[in-house]
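Peer 1: One letter stands for each residue in the lines below.
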Amino acid sequence: MAEKIRITTPLTEEQSRKLRAGDSVLISGVIYSARDAAHKVMTEALARGEKLPIDWHNQIVYYLGPTPAKPGDPIGSCGPTTAGRMDAYTPTMLEQGIKGMIGKGSRSPEVIESMKKNGVTYFAAVGGAAAFIAKSVKKYEVIAYPELGPEALAALTVEDFPAIVVIDSKGNNFYEIGQKPYRKL
Amino acid sequence: MRTIQVEKITDAVAQMCKEAAYYLPEDVYQALKKGKETEESPVGRDVLDQIIKNAEIAKAEDRPICQDTGMTIIFLEVGQDLHIEGGSLNDAVNAGVAKGYTEGYLRKSVVAEPLFDRKNTQNNTPAIIYTEMVPGNKLKIELEPKGFGSENKSGIRMLVPADGVEGVKKAVMEIILHASCNPCPPMVVGVGIGGTMDKAAYYSKRALLRPLTERNAHPKYAKLEGELLELINKTGIGPQLGGTTSALAVNIEWGPTHIAGLPVAVTICCHATRHSKRVL
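Chains as they are written, first to last, in this note's numbering: chain A, 16 to 200; chain B, 270 to 549.
Hints are computed from structural coordinates only; laboratory data are not their basis.
Don't take each hint at face value.
[Unchecked claim] Examples of chain A residues toward chain B, derived with CB under 8 Å: (1) W71; (2) G134; (3) G142.
[Unchecked claim] No more than 30 Å apart at the CA atoms, straight line, and that leaves these computed lysine-lysine pairs for BS3-like: (4) K303/B to K153/A; (5) K368/B to K153/A; (6) K185/A to K503/B; (7) K503/B to K199/A; (8) K85/A to K302/B; (9) K388/B to K66/A; (10) K287/B to K150/A; (11) K302/B to K503/B; (12) K439/B to K199/A; (13) K492/B to K85/A; (14) K388/B to K154/A; (15) K305/B to K19/A; (16) K407/B to K546/B; (17) K287/B to K409/B; (18) K199/A to K303/B; (19) K492/B to K407/B; (20) K153/A to K287/B; (21) K305/B to K388/B; (22) K439/B to K492/B; (23) K85/A to K388/B; (24) K150/A to K19/A.
The C-beta atom is built at its ideal place from N, Cα and C for all residues, glycine as well.
Use the sequences and the hints to build the structure in full.
Peer 2: Listed below in structure tokens is the structure:
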């Protein structure tokens with residue numbers, strides 16, 4: 016694999032548009048975790064014309080519901096969840112200014128269209144490598160919706176969080192590129 | 270008649286929840302290492318390397334392998350000469366799940382009602398419990414925490430007898446290709462053939478408990494397991510980002526069915542195929 020690209024949040028549209036499918040990255044700074052329930056609550060709030068608990072402009076969302084932290088640890092195991100379950104909410108969320116998403120698995124054509132329009136990058140972390148990934152998380156702080164438990168909206172301070180660009184802002188898809196040479200059916 | 274106190278069952282289940290979440294079974298670990306040696310994609314090898322390191326960290330530090338510590342599926346075999354004292358068996362098992370998930374810092378991932386309120390029960394109960402009565406005076410407990418990234422990609426097809434072996438292969442491959450990179454491959458694929466719709470699904474879950482190194486006792490099903498594994502490893506899915514290690518094993522379980530039917534169920538499991546077993 017080529018040299019890893021270092022990214023420090025916030026991620027601007029200009030930086031995001033330079034990233035290409037297949038790039039390996041190490042992300043540092045603050046990223047925000049949200050998954051199914053938080054996405055539902057946020058998009059419902061937007062539909063009612065309400066303000067969201069954080070300003071998503073130039074931020075990275077991480078589709079995550081961690082295990083509880085053991086005493087003395089900032090967070091428990093914290094690998095990515097399936098991003099596709101958030102697809103129904105994603106175009107609305109990208110309009111809020113999100114420039115990066117971290118998850119695992121494929122995305123819908125509607126999401127990819129919105130990514131191209133808004134200059135957004137979709138990163139994958141290795142699914143199921145949750146104890147390994149936890150080593151790069153230094154702080155976990157619930158920002159909103161604590162009643163959602165592991166699905167709460169939280170801020171994670173990360174250092175060299177390992178990920179790979181799977182779909183870039185031009186719509187290039189590394190899942191397709193990566194599978195093609197090995198498909199022998 | 271032998272007697273067992275429910276507290277013993279609760280404690281065993283609590284311990285098993287933690288063990289299963291922290292310690293990847295040795296056969297799965299070895300299959301991942303072998304996969305890393307044979308994987309043709311460099312990116313795939315990197316992913317496998319991270320997955321292997323992850324399992325090692327989880328084991329060394331008693332941490333969950335995956336943040337999705339699953340919905341707890343429990344298979345009980347109750348000896349008919351065993352007397353269970355002090356309360357209900359199901360309550361004892363669920364108390365064990367609540368204890369294990371709380372004490373072990375595992376994620377509570379169960380909602381009480383699926384469609385409208387989806388309120389988290391806060392202790393990962395209830396477990397899915399299958400109970401069978403068997404001869405003897407022992408209690409066998411097998412525990413399978415099932416993550417839903419892979420469960421969501423599982424499927425079932427009600428084939429007809431004329432579909433035959435080719436029909437079974439086609440059905441399995443349709444489900445696998447639809448799952449693609451999503452269920453955290455390399456996958457372990459449990460296939461249930463026969464029974465009724467629900468029984469085939471049950472077989473496919475039980476199939477995941479069998480060691481990956483052990484083939485079906487019936488030679489024709491063992492051969493089919495090998496053929497399906499080869500096909501799956503030609504899909505290019507690989508370890509999430511493409512490659513040749515798409516699945517570590519295909520385990521088939523089968524049973525009698527109706528003259529008109531050929532049910533086929535596929536439970537896809539991620540690389541964190543976890544389980545734990547105890548006999549009390």
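Peer 1: Quickly compare the C-alpha distance for K439/B and K492/B to 30 Å and report which way the hint goes.
Peer 2: holds, 16 Å
Peer 1: Should the interface hint for W71/A be scored as holding, given a Cβ-Cβ cut-off of 8 Å against chain B?
Peer 2: violated, 23 Å
Peer 1: Take a quick look at whether K303/B and K153/A sit within 30 Å of each other, Cα to Cα.
Peer 2: violated, 33 Å
Peer 1: Against the 30 Å threshold, does the CA-CA distance of K368/B and K153/A hold or violate the hint?
Peer 2: The hint holds at about 28 Å.
Peer 1: Hinted pair, alpha-carbon criterion (30 Å max): K287/B, K150/A. Please report holds or violated.
Peer 2: holds, 20 Å
Peer 1: Is the Cα-Cα distance between K85/A and K388/B 30 Å or less?
Peer 2: It holds: about 24 Å lies between the C-alpha atoms, which stays within 30 Å.
Peer 1: Mind checking the alpha carbons of K150/A and K19/A for me, to see if they're no more than 30 Å apart?
Peer 2: holds, 18 Å
Peer 1: Can the restraint linking K302/B and K503/B be considered satisfied, given a maximum Cα separation of 30 Å?
Peer 2: Given pair K302/B, K503/B holds - Cα atoms ~19 Å apart, limit 30 Å.
Peer 1: K199/A and K303/B were given as a pair; does the straight-line alpha-carbon distance stay at or below 30 Å?
Peer 2: holds, 21 Å
Peer 1: Against the 30 Å threshold, does the CA-CA distance of K388/B and K154/A hold or violate the hint?
Peer 2: It holds: about 27 Å lies between the C-alpha atoms, which stays within 30 Å.
Peer 1: Would the hint on G134/A stand, with a C-beta cut-off of 8 Å toward chain B?
Peer 2: Not OK, violated: G134/A not within 8 Å of chain B, min 23 Å.
Peer 1: Run the distance test for K185/A versus K503/B: straight-line Cα separation, threshold 30 Å.
Peer 2: Holds. K185/A to K503/B sits at ~28 Å (cutoff 30 Å).
Going through the hint list in order, the structure does not satisfy hints 1, 2, 4, 13, 19, 21.
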